[in-house]
Amino acid sequence: MYFDSVADALAMSGHGVFVWGAYSISFVIIFFVLLRPVMSIRTLNAGIRQEALRKQSAQVAQQNAS
Amino acid sequence: MWRIIHQFGSPPWVYRFCDKVIPWLMPITIVALLGGSVWGLLFAPTDYKQGDSYRIIYIHVPAAVVALAGYYVMALAGLVSLVWRVKLADTAMRAAAPIGAAYTAIALITGAIWGKPTWGAWWVWDARITSMLILFFLYVGVIALFEAYENKTVAARACAILSLVGTVNIPIIYKSVDWWYSLHQPASIKFTGSSAIDASMLYPLLGMIITFYALFALLMMLNLKQSLTEEYAQSAWLNKRLAA
Amino acid sequence: MTEARDIDIFRYCRSQTVRHLMLMVRSPSEVVNPLLFFLLVIVLFPLGLGPDPEQLSILAPGILWVVALLSNLMICMRLFVDDLEDGSLEQLAMARVPLSIAVLPQLLASWLASGLLLSLVSPIFGLMLGLPLEVASVLVVSLLMGTAIMLLLGAVGAALTVGVQRGGILLALLILPLYVPILIAGTRALNEALQGGDPTVALALLGAGVTGGLLLAPLAIAAGLRVSLEL
Amino acid sequence: MHPKRKQRLIVALVIVFLSSVTIGLITYALRGNINLFYSPSEVAAGEAPIDRQIRVGGMVVEGSVRRASDRLETRFDVTDFVHSVTVTYDGILPDLFAEGEGVVATGKLGPNGVVTASEVLAKHDENYMPPEVAEALEKASARGSMQ
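Chains as they are written, first to last, in my numbering: chain G, 254 to 319; chain S, 103 to 346; chain X, 128 to 358; chain A, 296 to 442.
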């Protein structure tokens with residue numbers, strides 16, 4: 254590590270607020286653009302699976318009826 | 103050659119490709135992102151003039167570089183969709199816009215934060231900052247135009263035209279604003295001659311630039327996969343794949 | 128069929144320009160409103176900033192150009208809307224003249240009624256803002272060219288948004304970022320003239336914008352109109 | 296000539312005309328000095344206009360910064376290592392402002408050759424290196440100049 258202590262790394266000789274702030278804001282933005290499609294795919298897939306199951310059970314019910 | 107192009111135009115193939123690549127690209131990118139940040143934040147040496155505030159470079163420069171490259175990716179997809187009417191190019195263009203907007207936002211915000219300790223101002227109407235801001239509006243414009251149309255095929259074509267108009271304008275905007283006012287330092291990384299940046303700082307920077315490109319690719323694939331899942335929810339191939 | 132194909136595009140353009148001008152004469156509010164808007168907003172600035180002529184003349188180039196830009200945006204919002212509603216836009220796209228040429232008469236008519244008029248009366252507004260009469264010629268010439276480029280660029284955005292409900296704000300979002308170079312070159316020409324410098328460089332850039340825009344914009348406008356008409 | 300061909304010819308000529316005018320105007324504009332950024336040498340040579348807003352950029356000469364005791368006003372020399380020009384500024388200087396560093400001053404050049412700045416911005420250069428490297432480089436150049 255370039256810094257002597259954790260406190261030094263946090264302070265960054267007075268520029269700590271800027272540096273850590275910039276990194277955390279960037280990571281929040283990255284986190285959200287990453288999370289959005291992942292969550293959306295998850296809900297979409299769940300919907301498709303549910304639909305498939307519903308169709309399947311409807312088919313089975315029809316077969317049973319006939 | 104034609105087979106490859108044909109494959110890129112085939113939604114099931116692209117879906118499968120994304121499905122295969124995402125599971126290993128995602129962890130690699132996240133680890134590289136965290137590792138690169140730790141390297142830049144804690145292990146890279148401090149700068150002789152700017153002190154530690156220069157460490158923002160490891161986020162700021164990669165984001166800015168990829169944000170600009172992303173616009174050309176979007177415009178290229180737009181061109182392909184206009185000329186060859188490839189439906190997947192539409193989807194790719196739509197996938198690129200929010201990522202580009204996010205990258206531009208990161209570049210702008212980190213730039214503002216970096217500007218305060220270095221230049222003494224949060225915001226200066228410098229050429230590159232102003233062009234970046236306009237780039238952000240161009241991205242937002244594409245997203246808004248896409249949302250405005252009911253018919254998504256038409257929307258994609260409108261966006262393609264808009265992004266092509268933007269491509270002509272980006273160099274003009276950059277040049278005009280540069281002519282108007284410039285404060286930014288010249289480029290530090292040079293491909294010819296020696297870089298003006300020390301090796302101990304260059305390697306983490308290059309690493310972060312590659313990581314941001316990888317992140318762009320990952321996000322593109324995620325967005326593509328999401329759009330494909332949405333569009334082809336009723337199709338047999340997708341249902342089969344999900345059932346497996 | 129061949130006879131019908133041999134339509135004289137120049138005669139067509141001339142007659143179309145006259146038709147559009149006649150339409151504007153019949154509804155003069157469309158011509159006068161942007162000018163009134165220009166005047167009203169310019170009057171607001173001295174009221175808001177205080178009547179100090181020295182301060183006003185420093186800000187005048189920027190004010191004049193920004194307001195010209197906004198009144199141009201107003202014109203662009205109306206550009207193809209009526210034609211889409213009454214179906215003449217569809218006719219235009221079906222005409223035997225290429226669409227990229229067929230839109231030129233309307234643009235020319237709009238520019239004559241808006242840009243040209245606004246440029247010619249702009250010295251009066253300049254005087255109200257404390258601009259010396261010596262720079263009037265630069266103001267007129269730069270606005271003549273600037274309004275033309277803005278109309279060409281704005282027409283691209285108007286073509287893309289004409290089919291969209293409530294496209295006004297969207298048009299502003301799409302087009303205003305692209306106006307930045309025009310704004311910079313235009314105010315630069317005025318500032319150069321004001322400070323005794325050489326405005327020809329900025330004027331040359333504006334001129335290049337007009338000719339380059341005339342080359343490229345019609346293609347983009349035609350493509351945009353086709354998208355909006357879903358052809 | 297066939298009217299259809301004549302039309303095509305005219306359209307082609309218009310396109311050629313417009314593109315050549317565009318290129319001609321752009322080349323004309325690029326040849327003119329469109330940037331109001333002047334180096335101290337250009338100021339010394341009298342190329343910069345007097346009494347209008349210009350920008351002067353260069354390095355702050357070591358030991359040239361003089362602060363007025365009673366006011367905020369600062370005087371310093373900016374150099375491009377050939378000529379230098381004096382700048383006065385009445386305001387708070389940015390953190391990165393220091394002797395031997397790059398600055399960009401926006402202001403008016405007086406007839407006495409002094410720039411009265413309305414804004415001073417520290418322009419950081421494109422060099423990034425650890426302090427040890429900078430020190431070593433400095434030593435090396437000092438040794439080089441002694442020889």
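It should be emphasised that the hints constitute simulated quantities derived from the structure, not laboratory data. A couple of the hints might just be wrong.
Quick list of in silico lysine-lysine cross-link-like pairs, DSS-like style, CA-CA up to 27 Å [to be verified]:
no.	chain 1	residue 1	chain 2	residue 2
1	S	218	S	122
2	G	308	S	342
3	S	189	S	122
4	S	218	A	403
5	S	254	S	189
6	S	122	S	342
Derived Cβ-Cβ restraints for the label pairs, each shown as a range [what the hints assert, rightly or not]:
no.	chain 1	residue 1	chain 2	residue 2	range
7	S	171	G	289	33 to 43 Å
8	A	307	S	132	33 to 43 Å
9	S	187	X	167	32 to 42 Å
10	X	255	G	274	45 to 55 Å
Heads up, the beta-carbon is just placed ideally off N, CA and C, and yes, glycines get one too.
Checked hints:
1. Taking the CA atoms of residue 218(S) and residue 122(S), the gap is near 44 Å; set against the 27 Å cutoff, the hint is violated.
2. The hinted pair formed by residue 308(G) and residue 342(S) meets the criterion: a straight-line CA distance of about 13 Å does not exceed 27 Å.
3. Note on residue 189(S) and residue 122(S): the hinted pairing holds, with a Cα-Cα distance of about 22 Å set against a maximum of 27 Å.
4. Simply put, residue 218(S) and residue 403(A) have alpha-carbon atoms about 26 Å apart, close enough for the 27 Å limit, and the pair holds.
5. With a C-alpha separation of about 11 Å, the suggested pair residue 254(S) and residue 189(S) falls inside the 27 Å cut-off, and the hint holds.
6. A hinted pair counts as satisfied when its Cα atoms are at most 27 Å apart, and residue 122(S) with residue 342(S) qualifies at roughly 16 Å.
7. At about 21 Å, the beta-carbon gap between residue 171(S) and residue 289(G) misses the expected band of 33 to 43 Å.
8. Distance hint for residue 307(A) and residue 132(S): a CB-CB separation of about 56 Å, inconsistent with the stated range 33 to 43 Å.
9. A C-beta distance of roughly 47 Å is found between residue 187(S) and residue 167(X), which places it outside the suggested range of 32 to 42 Å.
10. For residue 255(X) and residue 274(G), the hinted distance range of 45 to 55 Å is satisfied, since their beta carbons lie about 47 Å from each other.
Of the hints listed earlier, those the structure fails to meet are numbers 1, 7, 8 and 9, in rising order.
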